[in-house]
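In order, the protein sequences belong to chains A and B.
Basically this note's numbering = 1-based index in the first sequence + 870.
Basically this note's numbering = 1-based index in the second sequence + 870.
Treat the hints loosely; a few may be bogus.
If chains are identical, the list can't say which one is meant, so a pair holds when it fits in one copy or spans any two.
[Unchecked claim] Listed below are the simulated SDA-like cross-link pairs for lysine to any residue, each with C-alpha atoms no more than 25 Å apart in a straight line: (1) Lys1079 with Asp885; (2) Lys1032 with Thr1245; (3) Lys900 with Val1045; (4) Lys900 with Glu1113; (5) Lys1079 with His1092; (6) Lys1079 with Glu1189; (7) Lys980 with Asp957; (8) Lys1013 with Val960; (9) Lys1220 with Gly1138; (10) Lys1013 with Ala956; (11) Lys897 with Arg934; (12) Lys900 with Lys987; (13) Lys900 with Met936; (14) Lys897 with Asn1166; (15) Lys1220 with Asn1112; (16) Lys980 with Asp961; (17) Lys1220 with Ala1234; (18) Lys900 with Arg934; (19) Lys1220 with Trp1109; (20) Lys1032 with Val1009; (21) Lys897 with Gln931; (22) Lys897 with Ala872; (23) Lys900 with Gly1138; (24) Lys1013 with Asp961.
It is worth saying that the hints were derived from the structure and are not from the lab.
2 protein chains.
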Amino acid sequence: MALIVQKYGGTSVADPDRIRAVAENVKITKRHGNDVVVVVSAMGKTTDNLIALADSVSSTQPGREMDMLLTTGERVTAALMTMALADIGVDAVSFTGSQVGIITDTAHRKAKIVEVKGDRVREALAAGRVAVVAGFQGVSTDKEITTMGRGASDLTASALAKALDADACEIYTDVTGVFTADPRIVPQARKLARIHFDEMLEMAGAGSKVLALRSVEFARNHNVPLHVRSSFTWEAGTWVTNEEPNVEDPIISGVVTDVSEAKVTVLGVPDRPGISAALFEPLAAANVNVDMIVQNTSTDGTTDISFTMPIADLGEAEEIVRRVAAEIGAQGVTHDRDIAKLSVVGAGMKSSPGIAAKMFRTLADEGVNIEMISTSTIRISVVIATADLERAARTLHTAFGLDSGQAYSAPLPERT
Amino acid sequence: MALIVQKYGGTSVADPDRIRAVAENVKITKRHGNDVVVVVSAMGKTTDNLIALADSVSSTQPGREMDMLLTTGERVTAALMTMALADIGVDAVSFTGSQVGIITDTAHRKAKIVEVKGDRVREALAAGRVAVVAGFQGVSTDKEITTMGRGASDLTASALAKALDADACEIYTDVTGVFTADPRIVPQARKLARIHFDEMLEMAGAGSKVLALRSVEFARNHNVPLHVRSSFTWEAGTWVTNEEPNVEDPIISGVVTDVSEAKVTVLGVPDRPGISAALFEPLAAANVNVDMIVQNTSTDGTTDISFTMPIADLGEAEEIVRRVAAEIGAQGVTHDRDIAKLSVVGAGMKSSPGIAAKMFRTLADEGVNIEMISTSTIRISVVIATADLERAARTLHTAFGLDSGQAYSAPLPERT
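Could you build all of it, start to finish, from the sequences and the hints given here?
In structure tokens, the structure reads:
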């Protein structure tokens, strides 16, 4: 008998029909002799709607109160899911994050897990019941209700899988797995049968929305294999594990595209110590999530500094940057919303030099201009014009051998 | 410095504008030097919507899961109210029923309060903060989330007022107080400045919707004076207290009308012991809330038994009654949806004989036929045809001296 943690995202439980469909899948899993823990997100756009409600009531939104508000979404789903299970003869019981003992620190809206007790889940499983857990939430060491940030229901699932020593952690979403590229941009993209934690981490960092970065980080650090799959097709998805790739595997696992960022450039910055700190400290204080930063070597005693950040934060960031630019005597500030980030990710990169060169050559041959470059051991990211994105992504996908018919491994056997 | 508990019902917090208006009133109360505890209901039709959602997901609705579901409504309001207060500079903090230590028994959906701890509310007040409490809910002795039945936010307020030894408990609703009759039916109805707990209890039992019966019962048993008033006009409302009426007060405090019930009659019931039990036990088991019961003396060895119950339960009740009627050899079952219950309530009745006779004579003079009669020490209720209700209620209102211009006491001074 295996213990399986299943997490269902917002689109998977968006309405009563979807909730009943998920309940059927839980019943099938249970009937196969497994113990099942179900982690649920809020239904559809519930969290967004609650945030909009808060916005219309008050511009002052203490984190503690936002957490009191937002945690209700997952509780509603958990209660409804438990009823749907009862309706088809599956004995189930719902739990809040607090009730299952997901203990966090006291940082409201972005709490970190300190400990997962899980006693009530263990009792429920021992009694032959399905445990349905409201995701995204915990209780702080100060006994306050906390949330762990957007997408943190994945984190709830991996943390419970770890604490309960589960045999599998299935992340059900609205796509059938992790793809070599976003199929809306690169039609020849393929679903990966498996991917290494490190690659998944880099993909999430590069803008892939399939799994939240923090959840992958937790799963990697605690070695909780994740199975990302669709609650609409129920077909086998992508396993995210710590399995090293084979030598026969392609060097690159995927091409990741991201159009959610804007670029800000500070022109003619005096080249002296402390300038970068002067610029990025106030941005950090304002919670602006700066992504790529590029600074060239100074030639005439001044340099240009460019960075990317979420478009949503552009207004706030530009205000700060203009103020700092004036203080430090820079020549000016420009911004560009029409940029895209394009990354190639692959664990094979570590042992295979020349990937960056190949990427730059491929883009050059397509006439795509590169504005910024940033690299890690297993990822190369470039910033290009949004208008070039589709063409560039498709070309790289082909150049790195990711197109259909070039599958690099047979799918793993489906769950029994 | 006084401690005031204020409870705001669903219509009082139905939308962001209403929530901000309520926050302003809390701020005014606080600025007058009072400590304030705010108890909130779910916004508008939230609870009904959640129940509809549960209905569309599952016909199996375990009480524990319904409580997990329904308690989210009040939590949303509590969080939003606290943010609205913060926005106008009032330091506030929200609490769930569990967090304030409203300990109940384990009967989900109709839990009874066992104990109110209130420690966190006391701490918040001591720190100069407003405590905003989610109504309607508690935590059971088994550490499960419970609810205390529809309208139980009033109960939360009175129980907290008692536990905290509050100076006043204000129940804000969408009417300006308790009236001598429903103004939609009796236009000359007047707002009462005060009313005795016992009269309010009888009014609630007779169908008045201003206060939930259990809340009045609790307030009476623990002597918590309630001030029923409107969150739309903020004018002084009606005090519900244990103050005995003056001899100059009218004998009757109000005329109460109720069209929510239907009448069922079992004809030709054999007159032998155990028949009533055979009939009403299965109804009780099916949770049918039987109200008035009338059985006449047998003449020919058989008798007729009539009773009233909520129209909503009529289908279920009739099925049970037809089965039992066949078993006990009764001649038949009839039902009537077009009936209304009309009651006069007044503490003065105890010391003033002849009220019933006067009521019956007044109705007879108006040509109103009485179908059933039931009495308590301070209430007389009759069942009549719905078509006669308006005329009958207005006539009684006049006959018992309740029309405008006959006010029986000056309003109490408004809160300072």
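Going down the list of hints, with the structure as the test:
1. Lys1079 with Asp885: within (22 Å within a copy, 34 Å between copies)
2. Lys1032 with Thr1245: neither (31 Å within a copy, 65 Å between copies)
3. Lys900 with Val1045: The answer is within: 23 Å in one copy meets 25 Å, while 52 Å across copies does not.
4. Lys900 with Glu1113: Neither: 28 Å inside a chain and 62 Å across chains, both beyond 25 Å.
5. Lys1079 with His1092: Intra 21 Å, inter 57 Å, cutoff 25 Å: intra-copy only.
6. Lys1079 with Glu1189: neither (29 Å within a copy, 56 Å between copies)
7. Lys980 with Asp957: This pair counts as between: shortest inter-copy Cα distance 22 Å, intra-copy 35 Å.
8. Lys1013 with Val960: between (32 Å within a copy, 23 Å between copies)
9. Lys1220 with Gly1138: neither (36 Å within a copy, 94 Å between copies)
10. Lys1013 with Ala956: Close across copies (21 Å), not inside one copy (31 Å); limit 25 Å.
11. Lys897 with Arg934: The answer is between: 21 Å across copies meets 25 Å, while 36 Å in one copy does not.
12. Lys900 with Lys987: within (23 Å within a copy, 41 Å between copies)
13. Lys900 with Met936: between (35 Å within a copy, 23 Å between copies)
14. Lys897 with Asn1166: neither (58 Å within a copy, 56 Å between copies)
15. Lys1220 with Asn1112: So Lys1220 and Asn1112 pass the 25 Å test inside one copy only (16 Å; across, 83 Å).
16. Lys980 with Asp961: between (33 Å within a copy, 23 Å between copies)
17. Lys1220 with Ala1234: This pair counts as within: shortest intra-copy Cα distance 23 Å, inter-copy 100 Å.
18. Lys900 with Arg934: between (37 Å within a copy, 22 Å between copies)
19. Lys1220 with Trp1109: within (21 Å within a copy, 79 Å between copies)
20. Lys1032 with Val1009: within (18 Å within a copy, 29 Å between copies)
21. Lys897 with Gln931: Classified as between: cross-chain Cα gap 18 Å, same-chain 40 Å, threshold 25 Å.
22. Lys897 with Ala872: within (14 Å within a copy, 56 Å between copies)
23. Lys900 with Gly1138: For Lys900 and Gly1138, neither the intra-copy (64 Å) nor the inter-copy (55 Å) Cα distance is at most 25 Å.
24. Lys1013 with Asp961: between (30 Å within a copy, 20 Å between copies)
Hint check: violations occur at hints 2, 4, 6, 9, 14, 23; the rest are consistent with the structure.
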